[in-house]
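Build out the structure end to end from the sequences listed, making use of the hints.
In order, the protein sequences belong to chains A and B.
Residues 1 to 480 (the numbering used here) make up the first sequence, in order.
Residues 1 to 220 (the numbering used here) make up the second sequence, in order.
Hints are computed from structural coordinates only; laboratory data are not their basis.
Be aware that one or more of the hints could be misleading.
Sample of chain B residues at the chain A side, in silico, Cβ under 7 angstroms [said to hold, decoys possible]:
#1 F157
#2 A168
#3 A171
#4 K172
#5 M174
Where a beta carbon is used, it is the ideal one built from N, C-alpha and C, also for glycine.
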Amino acid sequence: MTMINPLILVLVIPVGAAAILALIANYRISSRINVLASFITLLAALSLFIQHPEPDSYFLVDDLNIVFIVLNSFVGFTTSVFSATYIAHELEIGRLTPAYLRFYHAMYQVMMFGMNLALVANNIGLMWVAIEMATLATILMVGIYRTHEALEAAWKYFILGSVGIAFALFGTILVYMAAEPVIGQGLQSMVWTVLIERVAEFDPALLNVAFIFLLLGYGTKVGLAPLHAWLPDAHAEGPTPISAVLSGLLLNVALYAVLRFKMLMAANPAAIAPGPLMVTMGLVSLVFAAFMLYRRRDIKRMFAYSSIEHMGIIVFAFGMGGPLANFAGLLQMTMHSLTKSAIFFAVGHISQVKGTQKISEIHGLTETHPVLGWGLVLGVVAIAGMPPLGIFMSEFLVVSSTFSRAPLLAIPLVLGLMVGFGALLLRLSGFAFGEPVGSRAPVQASYVPMFAHLALVFVAGIYLPPALVAWFQHVASILG
Amino acid sequence: MHGLAFDIAHLLAGGLVLVSLMMLYQDRLPALINVFALHAILLAASVTWQANIQHEPYLYVTAVIALGFKGFVIPIALRRMIVRLGIHREIETVVGIGPTMLAGIALVALAMVVMLRVTAQADPLAREDLAFALSVLLLGLLMMVTRRNAVGQVLGFMSLENGLILAATGAKGMPLVVEISVAFSVLIAFIVIGIFLFRIRERFDTVDIQALDRFRGERP
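In structure tokens, the structure reads:
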């Protein structure tokens, strides 16, 4: 074997970087190492396209999770670039101390490791451990400012996250119990690739209960209503780079876990169909979050509700199933990750320069800070689903496939989309235009990550490369 | 399955549910911590017995962790903490004891109905274990929502984890990796909780969650 296995690199680099970052006191050096490590992880993730390792009892790389891994490493990398500028400002105004930054950078890499491990895990127990690790890392980061609000948010996240993770473990144990009589005792009964081959022989009743627990457990992490209560607080009170990775990545990782178990359920003809459950939870989240968007006073909290809305759409699309809806779900997920993290990059710099996150105290951004302001306008227009940007296309696919298959379901879907659309544009006109208020001070911003994401979203709305379309179509057919 | 071996396993797992119910109506923190220690000791006994009848030596490790860590280390640490914080006098519950107990009984009934029905083909011991484990889990959850106090919520969470360990033990031959992870997660949970408690103390001079609620992010 001449080449080093890229799968190992995807996991080892974040761990090594975390260890190094924990030792470095100088934040300038550590923020650069953070960027560098994230970049090498991205390269390793990309090289997975060239070299697929064979699945074993612990790890699996297939056409489905490679999409998630690459997206994860890409957003992880761009966020680390944004984070370098962001934390420099936080240090300047004294919100964070160098000691906390050391902790912050190490935790950033621990979180990336946890998410990558969850994505490559072939063992359902290992996947659970990895998601728990990523969650714990983000809980600690949410509480890092140690203000009243940050502590409350972290506590709420901890309690709800723990309940979710407990349910997920119970579900995992039940899956093992269902597998054990067929596959036999031991490790093999937890290996996903083995489970999917034999799942048709499992006891369907046990599998049904297991899936309910898994959906509730991992669904808490996805931020599905009514289990979403932690999400707005965690987004609003933590450092903005963490809001970006929470929305852009951690929610996807939890969704990935749900999808793996959905595939198991679908392969057992006697078990309940997982689709209707997911459709219901997705629609409830979408409609609920869309209405909640109207009453937001805090800009980061508002975009957190928008994340709940979008996760609702994505879970709805995967719940509908079939080649078209799955394709739309995958595209929506990718576009949402890119757009939402770009929005948080803009919002992070804006709240720093204005010194507030209150929507009522932010007006006329396009006049005071044209680049940031128009970047945010573009991002919000994209996330609201206006043509010709990427999210319009995926939402259009979701709606049209729903109309052709279950027209009644399209009514709440379109209602939710329109309500959310209205709320976002209403708020946008407030903070982007009108009489400028607040500081006009020039801003030290890293524009590259934000505009790189927005450019990708823009291009995807107009032209999807055939290779990407073919890949997504293939993955959509695997998802069933 | 021998009659006596099964009966003892049944007794221990059932006892765990009973102690969970006892935790619900403790209205003083030191008493609650004592009952939690009893919960952990009973769990250790249950896991030890299962290790014995399943001939799975690694389960003894799980039992030792449960006994040492949750039965002694955590209760002692928590007791010191509440004395230092000066909150060892009493705890209030959000809902009254009567309704809480009724809700607890309903949850146990629910767990029995759900688990016994779906596991008809499974091994009888695993079946009982799962039903009891789900009861313990749901009771832990109930305790977390009825307590205002951070320490009470933490204890509720750890009793919930005890239910998970019971379930994992009942699943025959489940790889050790998960059990280590359960112990590990409890450890991490405790560290995190410790950090938060100290930070909360530092900032608010209280661990009453309602005091935190006053600082909700969206108040203008």
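Taking the hints in turn, this is what the structure says about them:
1. Given hint, F157 of chain B at the interface with chain A, holds; its Cβ is 6 angstroms from that chain's nearest Cβ, closer than 7 angstroms.
2. At a threshold of 7 angstroms, the smallest CB-CB gap from A168 of chain B to chain A is about 6 angstroms, leaving the interface hint in force.
3. Residue-level restraint check for A171 of chain B holds (minimum Cβ-Cβ distance to chain A is 5 angstroms; threshold 7 angstroms).
4. Because the smallest distance between the Cβ of K172 of chain B and any Cβ of chain A comes to about 6 angstroms, under 7 angstroms, the interface hint for this residue holds.
5. Taking 7 angstroms as the C-beta contact cut-off toward chain A, the hint placing M174 of chain B at the interface holds, the least distance being around 5 angstroms.
Checked against the numbered hints given earlier, this structure breaks none of them.
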